[in-house]
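Spelled out from the first residue to the last, the chains are:
There are 2 protein chains.
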Amino acid sequence: MANQVSEPQKIFRIGMLGFGTVGAGAAKLILESVPPLKDKTGIELRIHKVAVKDLHKPRLLGLPKSAFTTNAHEIVNDPQVDIVVEVIGGLEPAKALVLQALKHGKAVVTANKALLATHGKELFEAAVAHHTSIGFEASVCGGVPVIGAIRDGLVGNRIESILGILNGTTNYILTRMIEGRTSYAQGLLEAQSHGYAESDPTMDVNGTDAAQKLVLLSDLGFHSTFSFSDVHVEGIAGLDLADVTYAAQLGYTMKLLAIAKRRNPGADPDEVPGGLEMRVHPTLIPFNHPLANVRDVNNAVLVKGDATGEVMFYGRGAGMLPTGSAIVADILDAARGSARQTFTKLQFFQNPRADLPVIHIEKVRSRFYVRFNVLDKPGVMGKLATVLGSHGVSIASVIQKEPQESGNVPIVMLTHNTIEERFRVALEEIKGLEFVKQSCAFYRVED
Amino acid sequence: MANQVSEPQKIFRIGMLGFGTVGAGAAKLILESVPPLKDKTGIELRIHKVAVKDLHKPRLLGLPKSAFTTNAHEIVNDPQVDIVVEVIGGLEPAKALVLQALKHGKAVVTANKALLATHGKELFEAAVAHHTSIGFEASVCGGVPVIGAIRDGLVGNRIESILGILNGTTNYILTRMIEGRTSYAQGLLEAQSHGYAESDPTMDVNGTDAAQKLVLLSDLGFHSTFSFSDVHVEGIAGLDLADVTYAAQLGYTMKLLAIAKRRNPGADPDEVPGGLEMRVHPTLIPFNHPLANVRDVNNAVLVKGDATGEVMFYGRGAGMLPTGSAIVADILDAARGSARQTFTKLQFFQNPRADLPVIHIEKVRSRFYVRFNVLDKPGVMGKLATVLGSHGVSIASVIQKEPQESGNVPIVMLTHNTIEERFRVALEEIKGLEFVKQSCAFYRVED
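First to last, the sequence lines map onto chains A and B.
When you read off a place in the first sequence, starting at 1, and then add 1, the result is the number in the working numbering.
When you read off a place in the second sequence, starting at 1, and then add 1, the result is the number in the working numbering.
So that you can see chain A by itself, here it is in the shape it has in the complex (with noise of 0.2 Å):
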């Protein structure tokens, strides 16, 4: 190993693009880490300037007068500043400005999960072109430093799959509905009186937020660079606490998962052909799965490893400070220059897709939770289970339950494992039978 090294630059200034509650957060964090991070590592820390829309707005923080202003083109064209710290959300003008910090040469750390979702793959190579770097710890499960350990720690590994619960808001409400056998509606207000909601749910809970961050992991976990488009999603607006319910009785807990999985051509006995699981939906698991105890707002992330087997991290998964202590942990990997190593000498984000394709959710193969309502007559039950079995789809286990009010009967299944075209041929069959009320209801299980 070379001997010298040079004397390190000690001071580095910060420009803040938003001042929000995620901004003044990861401000407040980072003007309370100044003096202990100066002695822990000698870099010293200063937030130079902030965009902000409003100037009026009563800042507090101690900042001066002076270090704010409306115009963010200044911050990301401003020489002064060395790291760009981007918590405006959303698509425009964060991609615009964040470019723009990138072709100067700034550090870029970003809490932006839907901008990398999005565009990740022309800000990355971006990023290596002018030789600096985008951290974005901050965009995935808060405070737990997943992103790292997926990038640095596991590197030896060849991953296997990941699994994640990445949404704090719809594992809130399906705790509720578990724990406190509320409705999904309840649920849902629950999470709003203690703000683990937004006003408007609609991101979290269809899903897209946690396949925004499942893309994140699998560009680092599979080394490509995929995109939201890629993941089949499914949220859990509307679930019925029946199928809670049933699923419990079964042994099944319901968890809204993100799940990468990588399948090696060749293996499947049906020969569907090898590439990469990518889906987000509500899963059933079995109590004893490491996920099934992540609780409340929490998040986890358990990634398969060759090497390591099984390796979790789990952790409150939103929050300013949480955040805010990811986007220091950024700031830091930035300043010491790691994060560009990152992004120049390892090759990360930059290999073809052509190895790893997204494989349909048709042909993705898993067991099946299904709920049939029917009507009260006998030979019901044979009639489906004939119908699954012409179609390849044999049966675990079932539950009939006593006939309801309206006279109907509903009967839950598991499956074996089948490939979920087959499942959803059977299904169709199965509703245009005469005796089959209502839609049905079906839910993929991990074991």
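No lab work stands behind these hints, which were simulated from the structure alone.
What you are looking at is a predicted structure, and each value in this text was computed from that prediction instead of being measured.
A couple of the hints might just be wrong.
Given that identical chains are not distinguished, each listed pair holds provided it fits within a single copy or across any two copies.
[Unchecked claim] Taking lysine to aspartate or glutamate pairs in the EDC-like style, the calculated list, with each CA pair at most 16 Å apart, reads:
hint, residue 1, residue 2
1, Lys-29, Asp-307
2, Lys-41, Asp-356
3, Lys-11, Glu-75
4, Lys-11, Glu-45
Dock chain B against the given chain A, drawing on the hints supplied.
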């Protein structure tokens, strides 16, 4: 950020000290990692030389005969070697060899917790002085990248506490006792029959191994250099199944916890001074504690940061491949230059100890589980409570069991929070009472 990057070194030559189970596992993983790592990172690893005890033992992995030597000094002095992987274990000659390698500016990667827990200060200082680094991810929790997570990922936090299940052997034995109702001796036999325990399991079961790992985690989390002698250590040898059973009846499970906990000056109602608690002992934790479900040979570390809150890292703590995975990660960290930056730009391991003195176990505050065996006489319970109360120890809950064949009655108590020295004085007084038979057992509780 400066825009120039010098042409990075591409080929890194590894010298291996030792080729036992861990060494051969690491070598296998390094060799398997060469093509994917070259793809991912542009860095090419080569195993240049391997020091072994016996040249005539058959060696695998297709390394040329000329790569092997019995002279370890040849490796640490070889100018071609960039990175030395030390997997000999033990204090000497490991220490002398590591020091020599550092003096030549070579990066060192080691799984040797005993070495670092004993001579960490000297070795870390030598690494800094020679502008190089020591990677020790493999020394704690196998392939779970907890070292990197605490060092880098949580750098923006003030760490409040680190709680770990750091020894897989003892966790397996405890799991068997709790779930299989085996005795300690039987649990140990099963661990040995599965290859989870050495034929001489002393270092595992007496807590030494966990304490060494706690030292390393504390060095990073609290930015100082601690040593094994700072840790109060009690193992699980001879643990009575009765205590595991009574604990369960009270809603607690028994784990060998490694605990490092900051106590702020002035925070204690009894004016116990501030500092750092460092201890390893069998501990009662409630069933819903995040560490309660860490079963079998798994390890987990629960870190509480002021910004992130509780963050947990979990996975298999040992084994040839998980350890190899951590060694590969550290080799890459060294090869891309990050490890050196950690040691030179980041001023870890260099802070004085004075601001965080280790708190003596007698001054530690916790709740206690205690089991007395007493004669079956009236008034006994009142006497026990009176003695405890006279020393300021109050009782939270009690189980009194039916008399045993011997005529003795086990009485189990959980106390409220107290300073240990008070509890111990009360215990001594109780042991002197004529109706108390046999020695008492007590364990600390973490809620």
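Intra- versus inter-subunit Cα pairing at 16 Å for Lys-41 with Asp-356:
Cα proximity of Lys-41 and Asp-356: across copies only (13 Å, versus 43 Å in one copy).
How would you label the pair Lys-11, Glu-75 (within, between, both, or neither) given a Cα cut-off of 16 Å?
neither (23 Å within a copy, 39 Å between copies)
At most 16 Å between CA atoms: does that hold for Lys-11 and Glu-45 within a copy, between copies, both, or neither?
within (6 Å within a copy, 32 Å between copies)
Should Lys-29 paired with Asp-307 be assigned to within, between, both, or neither, using CA atoms and 16 Å as the limit?
between (40 Å within a copy, 13 Å between copies)
Hint compliance for this structure: hint 3 alone is broken.
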